[in-house]
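*Asks:* Spelled out, the chains give:
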Amino acid sequence: MTIDPLLSNSGAWMSASQHEQIVISSRIRLARNLRDYAFPGWGGEEECARIWSLLRPALAALPSLQPEIDVGMDELDDLDKQILLERHLISREQAGKGRGSGLIIREDERVSLMVNEEDHLRLQALTSGLDLPGCWRVIDDVDSQIESVTGYAFSPSLGYLTSCPTNVGTGMRASVMMHLPGLVLMEEMNPIIKGLGKIGLTVRGLWGEGTEAVGNMFQISNQMTLGEKEGDIVHNIEQICLEIVEHEKNARLRLAEKKELYLKDHIGRAFGILTHAHLLTTKEALDLLSDLRLGVDLGILKGVDRGVVDELLMMAQPGHLQKLEGRVLKTKERDRVRAKRVRERLTRSESRTKKVNKTHE
Amino acid sequence: MLCEICKTEEATVHLTQVIDGSIKKLHLCEQCAQSNGFDLQGPISITDILLGMGGKREETAKPVVERSCPRCHMRRTDFKKTGRFGCAQCYETFAEDLPPLLKAMHRNDRHIGKVPIREADRLNAMNELNQLQADLEQAISNENYETAATLRDQIMVCRQKLSGEG
Chain A
1 MTIDPLLSNS GAWMSASQHE QIVISSRIRL ARNLRDYAFP GWGGEEECAR IWSLLRPALA
61 ALPSLQPEID VGMDELDDLD KQILLERHLI SREQAGKGRG SGLIIREDER VSLMVNEEDH
121 LRLQALTSGL DLPGCWRVID DVDSQIESVT GYAFSPSLGY LTSCPTNVGT GMRASVMMHL
181 PGLVLMEEMN PIIKGLGKIG LTVRGLWGEG TEAVGNMFQI SNQMTLGEKE GDIVHNIEQI
241 CLEIVEHEKN ARLRLAEKKE LYLKDHIGRA FGILTHAHLL TTKEALDLLS DLRLGVDLGI
301 LKGVDRGVVD ELLMMAQPGH LQKLEGRVLK TKERDRVRAK RVRERLTRSE SRTKKVNKTH
361 E
Chain B
1 MLCEICKTEE ATVHLTQVID GSIKKLHLCE QCAQSNGFDL QGPISITDIL LGMGGKREET
61 AKPVVERSCP RCHMRRTDFK KTGRFGCAQC YETFAEDLPP LLKAMHRNDR HIGKVPIREA
121 DRLNAMNELN QLQADLEQAI SNENYETAAT LRDQIMVCRQ KLSGEG
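Residue numbers (the numbering used here), protein chains in the order written: chain A, 1 to 361; chain B, 1 to 166.
Hints in this document: simulated from the structure, not taken from any laboratory. Just so you know, nobody snuck in bad clues.
Below 20 Å or equal to it, Euclidean Cα-Cα: the simulated PhoX-like pairs (lysine-lysine) are:
#	chain 1	residue 1	chain 2	residue 2
1	A	Lys81	A	Lys330
2	A	Lys330	A	Lys283
3	B	Lys24	B	Lys81
4	A	Lys340	A	Lys283
5	B	Lys103	A	Lys198
6	A	Lys229	B	Lys103
Model the full assembly from the supplied sequences, consistent with the hints where possible.
*Replies:* Structural data, given as structure tokens:
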């Protein structure tokens, strides 16, 4: 299958280093359109198919995308699409597309291009940890390379012209995925979401627009695209995120100091359920794994490695779970298999850590 | 239920429309519905109210030829229904509708970010031309004809450069 090379690792958005506990990943996407064609939503399938056959070879040959995988949305089955969605390489909208739309990904997943989603082109740079300026450098370069092989729809006064006027201007959405269990447990997340709204930033759930914050994961991104420079948008969000990191650290500190018993109980229960449950829905698994992650970060949960927790956060999602099982599963069956895999992985990891501790003693 | 606009009268007009797959509802009193131009017979677009685009309709609802994009044939009603444009040209076709939309959505109404390289060359030439023309007017009003002549020559060169690039 075409996207198989991706599955050998846990995804660019998740491979956070030990130090990146709170910020999971940074992402920038640019919306671009060709000057001489109707936008995908209006042009119809034939026009989209023409554009895809025109862009596919040109984009696949770009130096900054090597080695690349290029694939038409009609060449992917539902499971592949689900996996790409869970790895943040395509949007929900793109997952629903077929003939005439496509995807080009650099194999390390740090750069991906969606063709004929809402706009002709959606370019994305993705990296683990907090590095929006790095993402901007990468995607700015890819953008300029594409610009040299095609004519963009651009207006001197309105900037890059997009299908929806909410994206016109820079066409840029910069977003940072953060794990904020401390602020959620301290019930301080709502005022932060409100405050961010006031300064033109949006907070979304794990999988973007309209999704709830599963697993205490929040995506913070800019709302406005017109009247601000890319560098300023990036700098602004980066600074805000650093502030949120401080708030989260502070909340965790207060939790550990003032609500130690409550915190230990909360994390212990999460561990108890995860190691003993026989049915786990995606949401329950992600929420509990999020608690586990907090427990590991705070040193409350000694027997579990954070790498294992992060691996499970990825694996617990329906697409990855089914891929690992090698077959399509019904929802109830998934819940059973998910619980089994989580149970086994956590007890395995725990017993190994115990053994290591024993030999040290 | 009270009217969502004046918040004093009882809402008697209930509008429902599906936008991007989600159902939006709007409850208005008769007066507010009418003052926003909704004759209660015709089909009503809730986006008109939400986007503030509909405004007051023509008092006498004469049949008018609807504006549509010469390139992609999107009509104004199509845009209002979907909230998305049909092609790049639509931004010019529906330029009149844009300012209130952009104002509601963005920080400002002018792009100050990245410019495509080819576009940047053209823009530089345009800016240069504008500057030269301003200088020329200044020189003429100062009766500095020698400078004016030089500027005129420079303007000619600049214009040629722009039209040459097409």
